[in-house]
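J.: So you can see what is in the structure, the chains are spelled out below.
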Amino acid sequence: MMEKLGRLRSAAVLGLATLAAGMSAFVVSDARAEYPERPITLVIAYGPGGATDISGRTLAVPLGKIVPQPVLVVNRTGAGGATGTVSVRDADADGYTMMISRVGSLTVNPAMKATLPYKIDEFDQVGVYEINPVACAVKEDSDIKSMDDLVAKIKAAPKTVSYSSSGVGSLLHIAGAMAVREFGVADPVADVIHIPLKGGGAAATAVLAGTATFICTNTSALASFVVNKQLRPLMVTTKEPVAGFDAPTAADLGKPNLHQLVGWSGIAGPKGLPAEVKEKWRGWLKAATEDEEFLKNMQARGSVIQMMTPEASDAFINNQYEVFKKLVDELGMRVEG
Amino acid sequence: MNVFDNIAAAWPLVANLESFLALAGGIAIGVIAGAIPGMSATMAVALTLPFTFAMQPITGILLLLGVYKGGIFGGSIPAILIKTPGTPASSATVLDGYPMAEKGQAGKALGMALYASCTADMISNLSLILLAGWLASFALSFGPPEFFTLILFSLTIIAGVSGDSLIKGIIAAVFGLLLATIGLDLVYGTNRFTFNDSNLMGGLHFIVVLIGLFAIPEFLSYVWKPSSDREKVRALGEQHVTFAEYRRCFRTILRSSFIGVFLGSIPGIGAAPSAFLSYSEARRRSPNKKNFGKGEIEGVAASEAGNNGVAGATLIPLLALGIPGDIMTAIIIGAFMVHGLQPGPMMFVANANIIYALFLGLIISSVLLFVIGGLAIKMFRYIVDVPKSILMPSVLILCVFGVYAVNNNLFDIVVMFLMGWLGYFMLRNDIPAAPFLIAYILGPLLEDNFRQAMLMSNGASDILFRSWITWFFWGATFLTIAALVRTGLRQRSEAAEALRATASE
Amino acid sequence: MKLHSKDVWLGAGVVTFGVFLLVYAIPVFVSSPSNVRVMFLSPTFWPIIIAWGAIITGTLLIVSRVFGPTVISSQEAEVGDLGHDETIYAIVRVAAAAAIMTGLVFAIPVLGLVLASGLAFALISALIMTPRPITALLVAIILPLVLYAFFTHIAGMALPQGRYFTLP
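Chains as they are written, first to last, in our numbering: chain H, 758 to 1094; chain B, 389 to 893; chain W, 309 to 476.
You can take every hint at face value.
Below, computed lysine-lysine pairings styled on BS3-like, alpha-carbon distance capped at 25 Å:
hint, chain 1, residue 1, chain 2, residue 2
1, B, Lys491, B, Lys766
2, H, Lys996, H, Lys1012
3, H, Lys822, H, Lys1035
4, B, Lys613, W, Lys314
5, W, Lys314, B, Lys682
6, H, Lys916, H, Lys1083
Honestly, the hints are just simulated from the structure, not real lab data.
Could you build the full structure based on these sequences and the hints that come with them?
T.: Next up, the structure:
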């Protein structure tokens, strides 16, 4: 019996050695070759079908045509984007592991969570390419017609008005608190109930079903409800009006601070990306965002495609981070445990 | 325009080669992806989405729907043949499908899975077309308190899948609930049993737990005792399902389909609980109750009808209200929006031709599923011919690849192996795995909805009795538990009686 | 009777685990913020209920097995049932399987998923003393390559490549 086993083992080992030798024929080992010499992994820290996923996969279509090597889109989901983001931070900064950076994982989460296993400055930004305007909305048959109505209602009866979000540390979480605070609610954490749900779709549904009073989220998540007259937008946070949203802008209402409250997506990699990699990626990203098909698909979903320089991206992200962090500190929204 | 005008206007949109190819291709992709453990139907749909951007709206959406439906059915193939559910939705199919394959009835089990799937699919589509408006408004009356009571009631299905010992079933469920608490807290975002590890913060992925719990223990059992069936090739299931068997199961299929339609139209529940609920309901009502879990064809029919019944119905909240109820519909809403369409009530007015084209396409998809699924069965059935000494290590490798693909994370392979050892321990101690899994699916839903309800009411518990729906499910829960206790006591006294009888002899 | 005492031990283990959760694991590993207003909403609320569930069901299992009538449980048919020597071999085999699984996890980042899983397949085939060594070897080579081709080139996913070479 042992004899048979031994024979088998040696046969197996021999076979595997052949296998390994055969496979090493495929080895690409020209060290001087130009980046990229093998496929690039693009990590999306959120699940399939979410706003980040659709944005990243839509971007991957033109990137696939531009980048000389395949771009493999990979979802690594969990913990509000933390799982995937950490995996990119820990990857080699060689440009073969990049990620779609997103408002939730890169500014809101770091601003809110004390025990988050990564920091915002552990990443190199290639550039922000997409801005998502944010709108606040209530149910169409609600007696709340404006932000002032909403705030008046909160002040008249604290702890009866609620807003829904896609979870602790999401853009929606901070957006609801920030919006009503700008309009005069001193302590939104105590006076307004935050109802976290699993995912953006569930959050919008909660307002529709009457579980929550209002929601502040990306206009793309609200567009179909607004068209169908199920939800009524109260305001949009951008300077310019958003098509299809019959509501005043934050500029109209005299709240310029709220312009910071927008969603965005960009490309980032681990800290210490070689200059060559960053340069290449910038070129690819620029070309991809000029792709007509891409523009059409993204704009149909209500995104504003806006390619920022690395400096502008850094400034924009850090500024948003500081605004959120200040708000979190003032309101005591920080998650400690 | 009346319905017939709409259908007439929609017909040319569907009756072209492109649409048929999209549907057929989508179903084929879905069946294959679903048959690969680790690749769920939703993942396959997400991967297909970018390819639809360049297509006509209706072609693209039909392609996605085809992938989804094919995926839900495809999951049953490995569930039956290698005890590895291809998608979460087919985990209930394992319970009777795999024992049937072991008995050499793989062909029968697969055939019944296909018949039940297609029947349920058709019922689901018809419900979507006829009852969408009504079911959608009903679904909207489900807030956290209603969900909480519905899920509490659904937990009673643990009794139906516990096998011989209800207590052991409940113990398994308790541990399933416990495992599901790993991750970030919903309300406060704080850590629970994460040990500050970013992988654990995301919780353990459901598909990973599922594969670990079902497939790996089977592999380990084989390693424990490989000699027994070394040369035994499981007889190729030449047996086909007969019409008589289909007729015998028809009531079950019908009931399970409607359970699927009901749960599918409520956003956020999904196909796996529906399959388990259908299974448990079928077992409760069947004269062959004892045979469930040991290779009862009715069990396969129930779970497959239960999960495919969801497929058409998930579109109800999407089309009638514009609500993306689950990941699947969220992806489809993306496909609509890329083409400038806004799903919701207005779409029935503004783009009625597209809606009706979709309806027609869905009906055709049920038929195509039957044809393509039948072909797939013919191909995959030969897996049962593979001797176990080759099959078992292959299953292990397949699971390693598939689980890696779930989240592109090595950590998931570790979790799968650990769950496999847990599952093996449970197998050796006659602790059933199904209650563990059900609790793992339903536990977070139960907790989240409870806490959301408490947030809504500032901690007042009367919100859990706020509507007739909550009263209905409270009542159903208590009735079910009462019936269980009564049956349990009766069995106990009968056993005692039997014991006394043998003792006095 | 053997099955009975096994269940009693099982019940005792479950109760012990429940107590361990209550007194140690939940206070230490579940962080609860200080500003929790409602007891129902505390992150520890559900874990505590679950711990009590474990204690109660474990106790019930012990009670039902010690005091209850002898319920004829399913026989230990499918697992176990080996002679003494064979049992020892079986334990060795299962332990070796554990070692292979552990080794596989550590080998994947180094050798890549394809080579590591091919090796694992070969080792497992040796472990179970496969009656079909040639087929097993062929499958060990072909199966990982086919799966690799499917996941990388059809599904467009990135599988770990390992340090030594890169597959196309």
